[in-house]
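Engineer: From first to last, the protein sequence lines stand for chains A and B.
Quick note: to get our numbering, add 182 to the position in the first sequence (first position is 1).
Quick note: to get our numbering, add 21 to the position in the second sequence (first position is 1).
Everything labelled a hint here was simulated from the structure, so no lab data went into it.
Note that the Cβ used here is the ideal one computed from N, Cα and C, for glycine as well.
Incorrect hints may have been included.
[Unchecked claim] For the chain A half of the interface with chain B, some residues (derived, Cβ under 8 Å), not all of them: (1) Gln232; (2) Arg260; (3) Met270.
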Amino acid sequence: MIKLENVSYTYMSGGPFEKKALDGISLQIDPGEFVGIIGHTGSGKSTMIQLLNGLLKPDSGRVIIDGEDLSDKKTNLRNIRFKVGLCMQYPEYQLFEETVLKDICFGPLNMGLSKKEAEERARFAANMTGLPESLLEKSPFDLSGGQKRRAAIAGILAMEPKVLILDEPTAGLDPAGRDEILFKIRDMHKRMDLTVLLVSHSMEDVAKLADRIFVLNSGKIEMSGNPSEVFAKSARLREIGLNVPQITRVADRLREAGADIPPGIYTTGDAYRILLPLLNKQNKQIKNN
Amino acid sequence: MLKDITLGQYFPGNSFIHRLDPRTKILIIITYVVMVFLVQNFIGYAALALFLAVCTTVSKISPKYLIRGLKPILVFIIFTGIFNLFLTSGEVIWSMGFLKITREGVRFAAFMVLRLIFLILGTSLLTLTTSPIALTDGMERLLSPFKKIHLPAHEIAMMMTIALRFIPTLLDETDKIMKAQSARGASIDSGNIFARAKAMVPILVPLFISAFRRADELATAMECRCYRGGEGRTRLYELKYGRVDFWGWVYTAALLAVIILLNITFGSF
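All chains, full assembly: derive it from the sequences and hints.
Structural biologist: Structure below.
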């Protein structure tokens, strides 16, 4: 579905402010996967996702979506963008229409759909993101922060892309808003058979949702694998300015203190299953003494 | 497209040109502009070119960057050249149908194009070697004598500082918004002029909203730090004239003398 072959990208190439953002990235993402992309600020995450729908063109290497090479002149980039929905960081600023409904319709109308079809899709997308029907006729500028964020995501979702890329969808939201958006994203992934790429700073969010994680560090893929494989390397993650979920840190500390706990625990559920027998055993020992 | 705008771009450095007091630089640029219009023959332009070349070499700014500044007004330069070439009356040296080129037209076109190029190159060198803050500081000091006739020198300088400060921010913002709308299938650079104008709405509306929001936030932030205009305001860095400024003026005066001399010796054209 998505394939990057040895992709490099440099900003302001040739000038005094030259900055190599991506350096020989290769990866493949299959349909239906939920992929997390983590990395500290400036590691190349945002650059990478902009390559995936042709907003940026790689300096070298190939980006292939559904068998089409994006650098190929024959490739229709607009069609690629309808297929790969990209929701940028702080997407609220893309809202511009008089009403929320009209704004969500912007993408579908650009696809050449009729007004009726576009509105149907918009209502469906609004429903998926948890935007109440009563808000659809309001001005997008009267919404709260979390509602604006949802309206913006719905604007992407209404194009019914096969792949949904979200760049820090929860940045700047309160905990309740954050959880609700993440829950909705997981819901969409399951119900609409979406391939989702979630870019995030929050290890907890990625740990909760992703099947597979890519870790970016200064333009290169530092590690990849399922969450337990990645979070097992907590020392290296900390070295490159990242962290591991809180529960992984707790498990690491306990292991350092001599407890018999395997590495790569990243959900409270896992921790519960492993820690409870240990605690019971210890309690028994105390009683026996 | 947005990458070509060099306005307000500053290259930090510690060259002779960088160390000149901003007031000196502004006054020299004014003198330079006067000289660009004073020159009456091509030898004079050669002298100007030499002056600019020396300044550029001393400033250690890559000439590539200076020339890149011409790009946005290239169309304007070409049109100026063409209009002057065909529309100046005088001794006809070539004609085809209603089009005719005169000897005076050729000279006039060449002069106009050279003037524009020299103006842009000179002022680009100023903005490339002077930080916007230093530039507006210099401006404020130069205008302060006019405070007596109620010219709001500080306010003008502050407005310029803020405007310059926000150019890169707004460019970034525009780029971001354009990308976000392209991701939703907006086609910004296709179709006829009306389609294009209509396609600007999804970019301009968010841009204006964010500009107003930023202005509002900035005003609040300034008030929080008790900003109350220029009255009685002292500065962290006082501007001081130094030896470099003296030599800068000697150099400029020498060029002025050369140009006047060339004008007298060779006359116009």
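Engineer: Hint by hint, where does the structure go against what was stated? Just the numbers, ascending.
Structural biologist: none
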